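S.K.: Chains as they are written, first to last, in this note's numbering: chain A, 1 to 113; chain B, 1 to 114.
Hints in this document: simulated from the structure, not taken from any laboratory. No experiment lies behind these values; they were computed from the predicted model shown. Even for Gly, the Cβ is constructed at its ideal location relative to N, Cα and C. Don't take every hint at face value.
Here chain A is said to cover these stretches of chain B; the calculated rule only asks that three of the stretch's residues, wherever they fall, bring their Cβ under 8 Å from a Cβ of chain A [stated by the list, open to error]:
hint: 1; stretch: 42-49
hint: 2; stretch: 87-100
With a cut-off of at most 30 Å between alpha-carbon atoms, the simulated DSS-like pairs for lysine-lysine come out as follows [unchecked claim]:
hint: 3; chain 1: B; residue 1: LYS22; chain 2: A; residue 2: LYS37
hint: 4; chain 1: A; residue 1: LYS54; chain 2: B; residue 2: LYS52
hint: 5; chain 1: B; residue 1: LYS52; chain 2: A; residue 2: LYS37
hint: 6; chain 1: B; residue 1: LYS36; chain 2: A; residue 2: LYS5
hint: 7; chain 1: B; residue 1: LYS9; chain 2: B; residue 2: LYS67
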Amino acid sequence: DQQVKQNSPSLSVQEGRISILNCDYTNSMFDYFLWYKKYPAEGPTFLISISSIKDKNEDGRFTVFLNKSAKHLSLHIVPSQPGDSAVYFCAASVSGTASKLTFGTGTRLQVTL
Amino acid sequence: DTAVSQTPKYLVTQMGNDKSIKCEQNLGHDTMYWYKQDSKKFLKIMFSYNNKELIINETVPNRFSPKSPDKAHLNLHINSLELGDSAVYFCASSQARRGHNEQFFGPGTRLTVL
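Bound conformation, chain B alone:
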């Protein structure tokens, strides 16, 4: 049983294109996240949704737009792709509760912009 799944696993596209990455979790969690791992392997938060409401929006270009149709899904749409967007994008989920913050990650989507 896959807890947090992402599609596609690999995405190769040209500069200027628009693409989407989908994420689904079957853990019953109420919070979902997008992280970006850059070429230096540094994992950094991009967005977080709690019960379909955006609660974390780090300094990310507005070409990136997350959408949460329901608690189990958080998609990431990227407009006008640039070379610097090449990275691995990880989706994660957690059950928000005080004193705990264990997040569970998907397998990642490797985006390559040519």
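Same shape as in the complex, but just chain A:
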């Protein structure tokens, strides 16, 4: 039973354009969401997070949007750069100290020149 889903396994975007990565979840207890970026042969790198009390969080070129009623979040990257090419994982957790992260299966983003 996969509680966090990323339905697009891959996405290709031109440099300078917007990349939009989507994530859906089923567990209504989730109240903290994170995006990680992963390069081959490296560990996931934390990008940005959002609490369920917000619907938007922005950090430089990265913005995460949360739609609780739809149980949907998205990561916007503007403008996309070639160095953004990586696998992006959405993760969710339930508030509490030291909670586990439940990950989606990832979306491979390729930013082309």
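Let chain A serve as the given structure and place chain B on it in line with the hints.
M.R.: Using the frame of chain A, we list chain B on its own:
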């Protein structure tokens, strides 16, 4: 400065052997985790320790035994290795606080069981 480090990076071994993976974090965090990424690239929690106390133990065979000698270290020992144990194992750490759960990951250990 490496925040979360793991050794070894690659581990190739025969079925039936016993092996250990070590993890260390220098972030001053009080919580550490082991995750497994299987062949389908699905990352799943295995264990978590908070202040050296086991707090998360997912459905993992008891051939896997984590050990936390102190807050900065969390090792994973695997007995009687099986082919299905082949995967990438990631260690992570976080500072437990309500409303936040940013976890920081090590580079991973790719385990291949022949």
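S.K.: Are the hints correct? Go through all of them and say.
M.R.: Now the hints, each set against the structure:
1. A count of 5 residues in the stretch 42-49 of chain B with a Cβ less than 8 Å from any Cβ of chain A is obtained; the coverage claim is therefore met, three being the minimum.
2. A stretch counts as covered by a chain when three or more of its residues have a beta carbon under 8 Å from one of that chain; for the stretch 87-100 of chain B and chain A the count is 8, and the coverage holds.
3. Pair hint LYS22 (chain B) plus LYS37 (chain A) holds up; C-alpha atoms about 23 Å apart against a cutoff of 30 Å.
4. For the suggested pair LYS54 (chain A) and LYS52 (chain B), the alpha carbons sit about 33 Å apart, so the restraint of at most 30 Å is broken.
5. The straight-line distance between the Cα atoms of LYS52 (chain B) and LYS37 (chain A) is roughly 28 Å, inside the 30 Å bound, and the hint therefore holds.
6. Distance hint between LYS36 (chain B) and LYS5 (chain A) is fulfilled; the C-alpha atoms sit about 18 Å from each other, no more than 30 Å.
7. For the hint pairing LYS9 (chain B) with LYS67 (chain B), the CA-to-CA distance comes to about 19 Å; that is within 30 Å, so the pair holds.
The structure is inconsistent with hint 4 alone, although it conforms to all the rest.
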